[in-house]
Amino acid sequence: MTTILRYMDLYRYFVAQRFKILMEYRLNFYIGTISTAVQQAAALAAIWVVMRQVPSLNGWSFYEVLLVYGLLTMGESITHMFADNLWTVGWNYVRSGDFDRFLVRPIDPLFHLLADRFCQDGIGNFIAGAVLVGAAMQALGIAFTPLRIAYLLVTVISGGVIFIALNLLTATSVFWIMESIPVTQMVFTMNEFAKYPLSIYNAGIRILLTWIIPYGFVSFYPASYLLGRDVGPLAFLSPVVAGVALLISYRVWLFGLRHYSGTGS
Amino acid sequence: MTALWRSFRRSVDIYAALGAMAAKARLAYNWWVWADFVMTIVSMIVFVYFWRAVYAGTASLGGLALTQTITYILLARILAPLIETRMIFSFGYMIRTGQVAVEMTRPVDPQLRISVESLAEAGVFLVQRLPIFLIAWGFFGLALPADPALWVVFLVSLLLGLGVILLFDWCFACLAFYVTETWGLSVVRIAVAAFFGGTLVPLAMMPDWLQSLAVAMPFAQGLAVPISFLSGMASLADAPRVWLVQLAWIVGLLVASRLIFSVAVRKVTVQGG
Amino acid sequence: MAVIQVEDLSKVFQIPLKEPGLKGAVKALFAPKYEPRVAVDGVDFSVERGEVVGYIGVNGAGKSTTIKMLTGILLPSRGSVRVLGRDPHRERVANAREIGVVFGQRTQLWWDLAFIESLSLVARIYEVPKQRYAELLDQFSELLDLGELLHVPIRSMSLGQKMRAELAATLIHEPQVVYLDEPTIGLDLIVKDRIRGFIKEQNHAKGTTVILTTHDLGDIEELCQRVLMIDAGKIIYDGPISAIKDRFGKHRVINFETLQAASHLSLPAGAEVAGAEPGKLSVRFDRTRTTASQVAAALMSQVEVKDFSLSEPDLASIVKQIYGGALKDGMQ
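Chains as they are written, first to last, in our numbering: chain Y, 1 to 265; chain Z, 1 to 273; chain E, 1 to 332.
For reference, chain Y alone in the conformation it holds in the complex (with noise of 0.2 Å):
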């Protein structure tokens, strides 16, 4: 338990120290943060354009399919924020020779690796979802109780959870082959599925996007649940993916550096 309360006092330590250095730039800080949350109005407002044409995609209404748009936002957000590093582990630390530092060092080097970069553009995009998914749940006239927002926090965390777990299991690739970007890029490029509801695509999509690259679960199943359309037991299975997703990953990563430590670099 000590471990853990100190790895949060530590986190907070380096997140503090990255606000430090973003500080020194101000003017870029406020940029960084501003530019995701333009990217995501052009993509909404080229959703709305469409949208406010036709009554329904596919049975799903504009403000369903922001809802799922939203909570899609969110997780990414959340890697993006919190794990943003898992893209640069290649070039800008096992090649430069920077991650041994990381071994030499009394912390997890997983741990040390994410808190290096707390990426503060994330925020933009965090805040961005959050405010779809509001609008949208307030349009529908679905009401925030307790439980909703119990719900919809765990839904949120899962759904972080695992974006961090597939772009970890594709970042260990860089122990092998000295830069994971073009890997974890293939498999992240997925969850662009995820952004609109699962049932316009086929059936192969469906099952890829829900049991294989399970983006499924941090938009469209929570959302479907939500909306009080009937997915089974699917609409509580998200925590469980994003443990089960991060188990592997991290066993994956594990592994990754038993052959670093074999090999060398």
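For the record, the hints were derived by calculation from the structure and aren't laboratory data. No residue lacks a Cβ here, since even glycine has one placed at the ideal position from N, Cα and C. One thing to keep in mind: the hints can contain errors.
[Claimed, not checked] Straight line, CA to CA, 25 Å or less: simulated SDA-like cross-link-like pairs of lysine to any residue:
{"id": "1", "chain 1": "E", "residue 1": "Lys162", "chain 2": "Y", "residue 2": "Glu24"}
{"id": "2", "chain 1": "Y", "residue 1": "Lys20", "chain 2": "Z", "residue 2": "Val179"}
{"id": "3", "chain 1": "E", "residue 1": "Lys192", "chain 2": "E", "residue 2": "Gln108"}
{"id": "4", "chain 1": "Y", "residue 1": "Lys20", "chain 2": "E", "residue 2": "Val152"}
{"id": "5", "chain 1": "Y", "residue 1": "Lys20", "chain 2": "E", "residue 2": "Val128"}
[Unchecked claim] Derived CB-CB ranges, DEER-like:
{"id": "6", "chain 1": "Z", "residue 1": "Val179", "chain 2": "Y", "residue 2": "Pro239", "range": "40 to 46 Å"}
{"id": "7", "chain 1": "Z", "residue 1": "Trp32", "chain 2": "Y", "residue 2": "Asp230", "range": "39 to 45 Å"}
{"id": "8", "chain 1": "Y", "residue 1": "Arg12", "chain 2": "E", "residue 2": "Arg37", "range": "43 to 49 Å"}
{"id": "9", "chain 1": "E", "residue 1": "Val93", "chain 2": "Z", "residue 2": "Val38", "range": "36 to 42 Å"}
Since the structure of chain Y is already known, use the hints to place chains Z and E on it.
Just chains Z and E, lined up with the frame of chain Y:
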């Protein structure tokens, strides 16, 4: 007279060599090409399903049929990187490393040089995109016109459109002289250009006030306008008018870009970066 | 008990063989072939508390591989490493608390952070008590003259400033063992002096064991009482510096400035001409077979000498000789 010809030939050689270097650099990134390939295929699948679901209830939206829209969007997505130039990054890099001063002393005009390099990169890019293009045409319902004249018109318009975007980006990239957070700025520029350039949604579907806003910006000239020839949204007869508008944009932006650049450069050369 | 105990330590790397061309690349993917490369071959040594050991070898001799195994980054293929009684790889965290590592040119500090902020983050990671941190900060500021550096980010520091900062950060958690990889590379004499002084002081005051990897033999002469020499993965020398100098430093060189050309010189046994230029002549002689005065007298009786000087063998030339195989000769 021969001296003039010789110096012209030499300039052409220099620019051609620079173009070749840029092209080679682009081809060196192999893994990335693969990842890029997968990403594009995925986003195309998403788009096709999305639009099919949208058109589930109606036959026409904003005056466009499903096949038109799909052709339009697929072409827009395939060709999108052409107008997502990274000029602001190059500027930022040049300024940070102090290369700007070096550039100004070279006999090669930086604007011309970067334009040639961008065109060369664009050429390589188009070739790299060919397999995706074929896949889209074979499997995703890309419906292309058979009339070769339309293709010629498209290519001319694309070239002009690229010119418009390059010149606009030249102006935009000058922001790098004042702000170092080039990544954030580039994200904003790509997002705004994607929306108002009609590559996320066909401009015809936008409400009137948005459409007029989009027309006032140069982005639509980059891809939306050329693509409209291939997706049945513009006919051969429209070609002269369209080209004229693009040329007008080019002239206007050319003047603006030279002006803005000379002002911005002063910040580095006079005050010292 | 020895602080570092290494027995039969070996590391064999499997280097993938890649045939050129597309066919080769495909083959490498499906039926990869490997070729073993021995980087460290059955190394034995032990280091006691408070020793400052110089670890030298040409590039590629196995130095950094050994250090990586000592610090727990790399897993040995064979043999054992024990640092403070622990296996540094298996008990990585516990070992990490007690060691400090300087990786040559790569800093452990955060590029854009003010030095003092970097330092406090490091102190946090190593759980240095606040009081102790304040005391050490004062001490180090004085010893390394850190005063104005504290609020400067690493990216703005000169090489010498960076290394001073690096050392402070490495020793702020008072490790028992410190591995220094090329700490004085590229530095000017004044900074080198200061850094060497700091290392010496820490070693004397706290009994910190230091393993120093360096190409700078000045470091070795200043700091180390013992030298480990590795070549092609094997330890070829392990002993005090004085022994090297005595055993291999039997040659002296006298440099003469002459007023006339010298030819067909007759020199005492054990002396030979080391180099001849117009106006200059160097004679190398074996101290055990003849003396400086004999050589000088012999030469001056044959050639008119304007000036002369006697030079001591420096460690660099001795080491060069050793690499050249003199060790094997000397061992006979």
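Results for each hint:
no. : hint                                : in the structure
1   : Lys162(E) <-> Glu24(Y)              : holds (20 Å)
2   : Lys20(Y) <-> Val179(Z)              : holds (19 Å)
3   : Lys192(E) <-> Gln108(E)             : holds (20 Å)
4   : Lys20(Y) <-> Val152(E)              : holds (13 Å)
5   : Lys20(Y) <-> Val128(E)              : holds (22 Å)
6   : Val179(Z) <-> Pro239(Y): 40 to 46 Å : holds (42 Å)
7   : Trp32(Z) <-> Asp230(Y): 39 to 45 Å  : holds (43 Å)
8   : Arg12(Y) <-> Arg37(E): 43 to 49 Å   : holds (45 Å)
9   : Val93(E) <-> Val38(Z): 36 to 42 Å   : holds (39 Å)
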